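Asker: One letter stands for each residue in the lines below.
2 protein chains.
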Amino acid sequence: MALIYSARIASAAATFTTNKVKAAPVWRAMKNIRSGKARAIVVNAGNANACTGWQGMRDADEMSRLTAVALDVPDKYVYSSSTGVIGVKMPMDRVAKGVKDMTSSLGSAGIKDAARAIMTTDTFPKYVARKVKVGSAEGVIAGFAKGAGMIAPNMATMLCFLMTDIAVEPRALKAALRDAVERSFNRVTIDGDRSTNDTALIMANGAIGNKPIGVGSSRYKTFAHALEEVTYELSKMIASDGEGATKLIEVEVKGASSVAEAKRGALRVANSMLVKTAIYGNDPNWGRIMAAIGSSGIEVKEEKTDVFLGGVGVFLRGHVTGAENEARRKLKKKEVKITIDLHLGRGKATVLTCDLTEGYIKENAEYTS
Amino acid sequence: MALIYSARIASAAATFTTNKVKAAPVWRAMKNIRSGKARAIVVNAGNANACTGWQGMRDADEMSRLTAVALDVPDKYVYSSSTGVIGVKMPMDRVAKGVKDMTSSLGSAGIKDAARAIMTTDTFPKYVARKVKVGSAEGVIAGFAKGAGMIAPNMATMLCFLMTDIAVEPRALKAALRDAVERSFNRVTIDGDRSTNDTALIMANGAIGNKPIGVGSSRYKTFAHALEEVTYELSKMIASDGEGATKLIEVEVKGASSVAEAKRGALRVANSMLVKTAIYGNDPNWGRIMAAIGSSGIEVKEEKTDVFLGGVGVFLRGHVTGAENEARRKLKKKEVKITIDLHLGRGKATVLTCDLTEGYIKENAEYTS
Chain C
1 MALIYSARIA SAAATFTTNK VKAAPVWRAM KNIRSGKARA IVVNAGNANA CTGWQGMRDA
61 DEMSRLTAVA LDVPDKYVYS SSTGVIGVKM PMDRVAKGVK DMTSSLGSAG IKDAARAIMT
121 TDTFPKYVAR KVKVGSAEGV IAGFAKGAGM IAPNMATMLC FLMTDIAVEP RALKAALRDA
181 VERSFNRVTI DGDRSTNDTA LIMANGAIGN KPIGVGSSRY KTFAHALEEV TYELSKMIAS
241 DGEGATKLIE VEVKGASSVA EAKRGALRVA NSMLVKTAIY GNDPNWGRIM AAIGSSGIEV
301 KEEKTDVFLG GVGVFLRGHV TGAENEARRK LKKKEVKITI DLHLGRGKAT VLTCDLTEGY
361 IKENAEYTS
Chain L
1 MALIYSARIA SAAATFTTNK VKAAPVWRAM KNIRSGKARA IVVNAGNANA CTGWQGMRDA
61 DEMSRLTAVA LDVPDKYVYS SSTGVIGVKM PMDRVAKGVK DMTSSLGSAG IKDAARAIMT
121 TDTFPKYVAR KVKVGSAEGV IAGFAKGAGM IAPNMATMLC FLMTDIAVEP RALKAALRDA
181 VERSFNRVTI DGDRSTNDTA LIMANGAIGN KPIGVGSSRY KTFAHALEEV TYELSKMIAS
241 DGEGATKLIE VEVKGASSVA EAKRGALRVA NSMLVKTAIY GNDPNWGRIM AAIGSSGIEV
301 KEEKTDVFLG GVGVFLRGHV TGAENEARRK LKKKEVKITI DLHLGRGKAT VLTCDLTEGY
361 IKENAEYTS
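Quick mapping for you: the protein sequence lines, in order, are chains C and L.
For the first sequence, this note's numbering assigns the number 1 to the initial residue and increments by one for each residue that follows.
For the second sequence, this note's numbering assigns the number 1 to the initial residue and increments by one for each residue that follows.
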């Protein structure tokens with residue numbers, strides 16, 4: 001379990017899974033976040049508290065209530081978040097003990113410990129911190145996340161908690177988070193599955209004493225940009241740590257008729273099991289990439305299309321170049337870039353994913369329900 | 001290679017891949033099928049003749065022309081079809097030799113040989129024949145297919161050739177094929193990838209001498225029903241022989257708001273890598289099924305939903321039943337049925353798929369481009 005506590009009341013904003021089946025703590029947080037305020041976030045890993053009916057709702061309430069009482073803050077400003085197996089009742093005695101332990105030792109753990117505490121099938125803790133100048137003062141945006149499986153656009157089994165000591169108005173915080181998530185977590189896909197629990201939550205408590213940043217100010221731009229850098233860094237960590245992954249794959253589609261078409265095409269390629277297994281096998285199989293983009297439903301003209309693997313053009317304006325061996329060498333790296341230029345317009349989008357390996361199968365065939 | 005030859009001119013109809021990137025023989029056949037007539041189909045496995053530009057178009061023409069000349073029939077009534085690796089020039093000398101060998105030994109091979117000849121990563125030949133009464137006469141509908149990888153709705157790397165000695169008007173043949181494909185091949189998904197080459201082609205040469213069947217007649221219904229049974233049988237073979245598959249999975253969604261919603265939900269579940277790996281591992285992980293259906297975008301109310309695994313209710317009206325162990329036993333069979341009842345309407349659809357195993361990864365990481 002992990003606990004984030006702000007010594008002062010913080011502005012807060014969040015984005016949640018678009019899955020119609022949502023975990024109990026997600027329903028609760030969606031309601032409470034409307035206040036735009038937070039004091040604490042309490043997180044558990046191992047049990048998702050999803051598909052648990054009314055009992056699950058009561059347990060999510062209780063997890064927040066116990067934390068609120070121990071911290072002496074209002075219930076409604078304490079968010080709870082869960083990740084793990086679906087459909088199993090929360091072990092509330094263990095939750096109560098965890099809350100007691102954490103609230104009685106506040107300040108004894110850092111962001112790395114928190115990142116480690118919420119890991120499920122992640123192989124390394126994911127956290128980032130970045131300094132941001134706000135006039136003459138300096139603040140920090142820090143965040144930690146978990147990812148691994150069931151990741152698909154629109155935030156799938158992905159939890160991310162962000163904190164900053166910069167003061168930001170709730171409306172500005174909401175806008176900055178929404179944009180940052182759209183350009184980072186919503187462009188990560190591991191297996192096309194979307195979870196019931198995805199949450200990205202940010203608290204901004206203004207401890208550095210700046211005048212709260214509002215939408216449209218020049219400081220807003222600086223803040224929003226830094227936040228996006230933090231979420232993008234976390235997204236790359238999540239993609240590279242997909243279950244069983246050996247490689248990070250960046251799929252860029254450009255020259256599409258629109259940004260929406262570019263994103264749709266890139267997602268289709270990034271979700272193609274055939275493309276992902278080919279990259280795993282260091283196979284410059286651009287035919288599968290063409291088949292995937294062609295089946296995405298976006299406008300594609302074979303005779304205008306370029307495909308690059310690690311910057312090497314393997315298919316240019318509809319013609320094979322014969323550079324497969326050069327491309328194969330690029331595929332052996334830990335980070336592989338696939339670029340598809342459709343030469344139809346100015347739409348551009350990048351999606352992050354990982355290769356598909358036997359490791360994914362093993363992990364998910366054995367991860368017990 | 002395989003060759004299907006009709007001693008008399010036959011009515012013909014076909015459906016093709018919806019992928020924007022189509023193989024050369026597909027473009028050619030799409031144009032020629034408008035005549036509603038055919039004499040022969042020539043097929044090769046190993047090379048898809050896709051993403052091969054103008055050279056590919058010339059090669060597809062040449063493959064048909066060589067066959068037409070040898071059989072002494074018009075060019076335009078000879079269809080060619082290819083499957084295999086994308087982006088490699090057709091080895092036309094080998095094609096010419098194959099055509100020569102086949103046309104000089106007509107009638108020496110049966111449907112099983114043809115089914116075997118077009119296999120790529122298929123592990124067994126797929127063919128079906130069924131007798132159909134037409135008034136006092138009796139005809140046969142026979143078909144063979146290949147599948148295995150890159151299968152997704154709308155006919156992905158799926159070739160299917162159907163023949164009948166019953167006379168059917170071209171318009172009726174087209175309608176019957178379209179409906180049969182919609183209810184069979186278009187509901188098979190192996191990995192969500194759609195191929196550049198998918199083709200289902202039927203020839204009806206009327207050798208039994210019946211009056212050609214037209215749309216709307218009672219004989220049309222009998223014929224269309226039998227055709228659908230043939231394509232459904234072939235679909236089941238394709239699904240159970242998905243690359244690396246150990247099990248056939250039938251996903252039925254019922255009680256959806258509409259048939260379209262039911263199909264969309266069933267496809268999402270059937271394409272979920274997490275669901276497919278769970279079934280492989282005999283894991284009654286209905287939580288992944290709920291997460292998948294919830295992320296399909298269709299209307300779902302958790303508290304109304306039932307999930308059955310092999311007929312065992314594991315989640316009923318939003319409540320865990322605790323029947324996991326009983327369900328686990330059902331999952332150990334070679335054919336597994338997942339049923340999701342949304343209790344929202346009367347929409348119903350079934351989709352066929354297979355489990356996802358290390359075998360799929362191995363095969364596709366090593367299948368060279």
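Among the clues, some could well be false.
Since the list gives no way to pick one copy over another, a pair counts as held whenever it fits inside one copy or between any two copies.
To be verified - In silico DSBU-like links for lysine-lysine, alpha-carbon gap of 35 Å or less: (1) K20 to K133; (2) K37 to K97; (3) K236 to K20; (4) K37 to K337; (5) K76 to K304; (6) K304 to K133; (7) K20 to K211; (8) K97 to K254; (9) K174 to K330; (10) K348 to K100; (11) K304 to K97.
No lab work stands behind these hints, which were simulated from the structure alone.
Quick caveat: nothing in here was measured; it's all calculated off a predicted structure.
Asker: Hint by hint, say whether it matches the structure.
Answerer: To see whether the hints hold, each was checked on the structure:
1. K20 to K133: neither (40 Å within a copy, 49 Å between copies)
2. K37 to K97: within (26 Å within a copy, 76 Å between copies)
3. K236 to K20: Classified as both; 26 Å inside a copy, 31 Å across copies.
4. K37 to K337: Neither: 40 Å inside a chain and 47 Å across chains, both beyond 35 Å.
5. K76 to K304: Result: close only across copies, 29 Å inter versus 56 Å intra.
6. K304 to K133: neither (45 Å within a copy, 51 Å between copies)
7. K20 to K211: Answer is neither; intra-copy 39 Å and inter-copy 54 Å both fail.
8. K97 to K254: neither (52 Å within a copy, 43 Å between copies)
9. K174 to K330: neither (40 Å within a copy, 47 Å between copies)
10. K348 to K100: Neither. Shortest intra-copy (49 Å) and inter-copy (49 Å) distances fail the 35 Å Cα cut-off.
11. K304 to K97: between (62 Å within a copy, 34 Å between copies)
Checked against the numbered hints above, the structure violates hints 1, 4, 6, 7, 8, 9 and 10; every other hint is satisfied.
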